Each structure stands twice: as C-alpha cells, then as structure tokens.
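Asker: Residue numbers (the working numbering), protein chains in the order written: chain L, 1 to 159; chain Z, 1001 to 1152.
Don't take every hint at face value.
Stated by the list, open to error - Capping the alpha-carbon separation at 30 Å, the derived lysine-lysine pairs in BS3-like fashion look like this:
| id | chain 1 | residue 1 | chain 2 | residue 2 |
| --- | --- | --- | --- | --- |
| 1 | L | Lys-79 | L | Lys-28 |
| 2 | Z | Lys-1096 | Z | Lys-1041 |
| 3 | Z | Lys-1131 | L | Lys-46 |
| 4 | L | Lys-157 | Z | Lys-1147 |
| 5 | Z | Lys-1096 | L | Lys-46 |
| 6 | L | Lys-147 | L | Lys-79 |
| 7 | L | Lys-52 | Z | Lys-1026 |
Read the hints as simulated data drawn from the structure, not as lab findings.
Keep in mind the model is a prediction, meaning the values are calculated, not measured.
These are the residues of each chain, in order.
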Amino acid sequence: MAIKNIALSIAGSATSVISAKYAICLAKFLQAKLTAIYVIDEKALKDLLRSKIFVEVEALEYERDLREQGQVFLERVKKAAEAKGVQCDTMLLKGSIYKEVVATTQNLGADLLVMGELKEITSRTEIFYDEGERIFHESPCPVVVVKNQALVEKLYKEL
Amino acid sequence: MKISDYLRKEYCIMDLKSTTKQGAIKEISDFLSLSGKVRDKNQFVKDILERESLGSTGIGHKIAIPHSRTAAVESFIIGFGRASGGIDFNALDGDKVNLIFLMGANPGELNLYLRLLAELSRFLMENSFRKALLEAPDAEEIINIFKKFEGI
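Next up, chain Z with everything else stripped away, as it sits in the complex (with noise of 0.2 Å):
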C-alpha cells in the first residue's frame, strides 16, 4: 500500500485559507469529509487537536503530519494543504509551516498506518520531494510527485 493508493486530488487544497494551526487543521478536514470515511468530522478535528497537545507535529522542514487513529474514521484517510505565507504549528525548529499532510486512520488499522507514516516520513526526507511539493502548480501533479518517488 503506498500514499498515492490514498491521497486524492480532491483532498489537496493548494492554497489553504487559514492562517491558524487549528483553523488549517479544520480546512483540510472538511475536504476529507468529502471521501465518505468520515464517521464525525467533530470528532476527528477534535482527536488531531488532542494528539497536537502531546506535542507539536511539525516536525522541521515547513512541514506538519497531524494524525490520528481515531473511531471518528471509517479507514485511513490523507489530505493535503500547502500555506503559501505559513503557518505557526509550534514546530520543532521555530519556523512556520507550508505544507501540511493530515492523517487519520481507524484504530484497527494500526500496521497500515504505521506503514504509511513511515513511508511519508521517508520522502519528506528528502529536499527534492519538498521543493517539488512547494512548486506544484496543481492537486495533479501533488499526486504525480508522490507516483514518482515511489516508483511507479
């Protein structure tokens, strides 16, 4: 199973609205509800709030992995948004961030989802990924740099 299996241009939101952790977190949401695997978007939002509470995900690099594994999804969902101006996620190395990946996944889903987080972790590794994340023109070709870098 790789992320393309699951991320959707519908899921990608170019130029996100919000300027606010919470606010981004939200706007993402609302377009993963779209998938039909959302059993409460309350819920979720509120789960992914929860797990930022232990500990900020942006993890460097002006990026943001908020997840969760939570009941509020029916399986695993990821949708992405990408701030032009950034945005303070209370990130490990004080920048802001500009591209956020929101994760969430049914509890029973446990070996998917660690596959999958490892797999993200593992491109966003790399500046090429990153640089070719932050000058997509469009949801397509976000998808098309994640067929690339895994290989198909």
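With the rest of the complex left out, here is chain L (with noise of 0.2 Å):
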C-alpha cells in the first residue's frame, strides 16, 4: 500500500519546524500529498475564561494572536514544501488541540500523521493532558515522531 497522503501536526514551536522539514522530504520521496494542521488552543482558552483567570476581551486577544501564529507557520510550511515541489494544503482549525489533529487525521484520509518530538514525560499528568501525547496515542493511522534535527537538516538540505 502506498503512502499518498501525508497529515502534519504543528504547533508552532522549535520541534514543528523540524517536523514541518521532514514531513515535506517524506512527501517528496513517498510523492504524496502533504497537509499542515495547525489548532488554536480554544479549550485551554475557554477554561480560562471559565475560570475566570481570563476575562472576554483577553480571550479574544490570545485568540486573535494565536490565529495570527499559526497562519504565519502554515504558510512557512506551504511555501517550503512548494519549494521542494512538494503540494502542501494548509488546515487552520480551533478546539481542542488532540482532538481536532485526529478527527483532521481521520477525515483527510491520511496513511501517516508526522509530529515533533515528544516531551520527556516526568509526571502522570503529562500522560493525560499534554496534546503530543495524546495525538501519539489516538492517531487513527500510523504515526512518525520526528526525532534527530541534525539529521533532519542534512536530509531536507539535500532534498
């Protein structure tokens, strides 16, 4: 079976990049389709809001900046990927971080969702609440942790 359809998580960290320049070599040497999902954090805003540790006006604001970051990332992404010749679509989605990268995951179809490295997981906390983990863990199709930058770099330079 080949690998035509190729999900990317970002977040818009150090790790994503790496994540984004892999995704986009796998996708050239696979010829697949790429898409880079990006999800604004609406659930951590809402219990913030619910809390009351954030008033309206500030959750707009958060929300508006984080929109703005992660178009800036995705189009980073397309433009690379379209660099490297490889077709890139963008998704920029709100909700729940996890759940949205893997129902995104699911609904486009994807034989491979590429991620960035996984924190050290030092707490049982960690397991249930941070997002990388539980991508990892509910992907509904296999799953790529992007791991070694240097790596990394040496194979997308050479690309």
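Now that you have both chains on their own, put them together as the hints suggest.
Answerer: Structure representation (structure tokens):
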C-alpha cells in the first residue's frame, strides 16, 4: 500500500519546524500530498474564561494572536514545501488540539501522521494532558515522531 | 512543561508584608526580579496592574492569579505569595485573597503560557490543593505540593 496522503501536526514550536522539514522530505520521497494542521487551543482559552482567570477581551486577544501565529507557521510550511516541489494544503482549526488533529487526520484519510518530538514525560498528569502524547496515542493512522534535528536538516538540505 | 519547572522556593513568599493588591504584586515582583528574567520591573508591575484593570484576577476560593504577557519579561516566570490576613483583590466572590500566584510571560510564549495557566487553574479547583498551600510550613513544601499534584 502506497503512502499518498501525509498529515502534519504543527504547534509553532522549534520541534514543529523540524517535523515540518521531515514531513516535506517524506512527501517528496513518497510523492505524497502533505496537509499541515495547526489548531488554536480554544479549549485552553475556554477553560481559562470559565475559571475567571481570563476576561472576555483577553481571551479574544489571545485567540487572535494564536490565529496569527498559526497563519504564519502554516504559510511558512506551505512555502517551504512548494519550494521543494511538494503539494501542501494547510488547515487552521480551533478547538481541543488533540481532538482536532485526530479527527482531521481521520477525515483526510491520511496514511501517516507526522509530529514533533514528544516531551519527556515526568509526571502522570502529563500523560493525560499533554497534547502531543494524546495525539500520538489516539491517531487513527501510523505516526512518525520526528527526532534528530541534524539528520533532518541534512535530508532537507539534500532534497 | 510543568509549573514546578518554573516555580522556585526563592520566589515563594510565605508571609506577605503587603496588605494591598498593588503592594502584594510589587512585593512578589521584587522576588521575581531575582530570577534575572525581568527586564523592566516597573513595566512588569504596570502591565500586571493594567491587566487587573480589565477585571480582577481574584477568582474566588481566596485565590488571585495576576498575570500578564509582556515584553518586560524575558521568559515565563511565576511567583507565589501567601497572605495570612487576606488581601482585598476585588475578588469575584468578595472574599479576601490568601494565595497569590503572579505570572508573567514574554509575548512569544503564547502556547506555553496558556498551558501553564490552564494547569494552574486545574490544580486550584482542587480543595485539597488549596488547603495544602494554605497549611504549607515553608517554601520547599509549596514546590513539593506542586510536584505531588503533577504526579512526580
């Protein structure tokens, strides 16, 4: 079975940049289509509003900033992919990060999900609350967790 | 990332001297300045108070979480102050506040900041967590309480 549809989960962190580069390499090698997904953490915003830590205007400001950040990152990935001759769609979503990534991966019929390196788990709560962990465990398709920045940079440069 | 990765006993004041909201924020900020992460302490306090002007961060249960995303800090910081006599924070439930968490983050740390704020709010919903903080004998125990609730 050929891998023709790759989903990429990005969060705007340094590890996301590396995972994006690796996903572009994979898509190029496999001649697959790439879809980059960024989710605005609306759940966290709602939780903070509910607990009264945020006021409405503050939550709106954060959502706007997260949206802008997401747009910037998605645009960068798209440009980088296209520069390497890879077709890349982007999706800017909002909600619970892991739920949206898992559902979108499912809806896209992705054969593979690429994500950044998982953080070291040092507590039980992180297993339940870390978005990366939850995406990894609940993904409907095989997951590639990208590691080794030097190797990825080398592959990407040679592409 | 967890709160205990950032909260240090040096930034925990077990008995705040201040009796006012502004004073408490300034007092905790003074301790946080020791972290070397505060670029401009006066601006930091100003930004925290500006956020307070939008609505009190006294969220009830004798807790306040004054916070700001501001260029006055280099990276995420959190300090804690306990006021046994209570401080009027114009809290939503009208009660005085005994537990104050002061947080600041650089504007570039959006995701981290949201996650840590959400984690703190989750812990503070727990009665046993609040009780433990109120009864902790020293700053070291404050850190241990966080670690316990984080499951470390």
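Asker: Does Lys-1147 of chain Z lie within 30 Å of Lys-157 of chain L when you go C-alpha to C-alpha?
Answerer: violated (42 Å)
Asker: Within a Cα-Cα threshold of 30 Å, do Lys-147 of chain L and Lys-79 of chain L meet the stated pairing?
Answerer: With Cα atoms ~22 Å apart, Lys-147 of chain L and Lys-79 of chain L stay inside 30 Å; holds.
Asker: With a cut-off of 30 Å on the C-alpha distance, tell me whether Lys-1096 of chain Z and Lys-1041 of chain Z pass.
Answerer: Status holds; Cα separation ~26 Å.
Asker: Check the hint pairing Lys-1131 of chain Z with Lys-46 of chain L against an upper bound of 30 Å on the C-alpha distance.
Answerer: holds (26 Å)
Asker: For a C-alpha distance cap of 30 Å, please report whether Lys-1096 of chain Z and Lys-46 of chain L respect it.
Answerer: holds (26 Å)
Asker: Tell me if the straight-line CA distance from Lys-79 of chain L to Lys-28 of chain L falls inside 30 Å.
Answerer: Holds: Lys-79 of chain L and Lys-28 of chain L sit about 14 Å apart, inside 30 Å.
Asker: If you draw a straight line from the CA of Lys-52 of chain L to the CA of Lys-1026 of chain Z, is it 30 Å or shorter?
Answerer: Holds - the C-alpha atoms of Lys-1026 of chain Z and Lys-52 of chain L are around 22 Å apart, at most 30 Å.
When the structure is compared with the earlier hints, a violation turns up for hint 4 alone.
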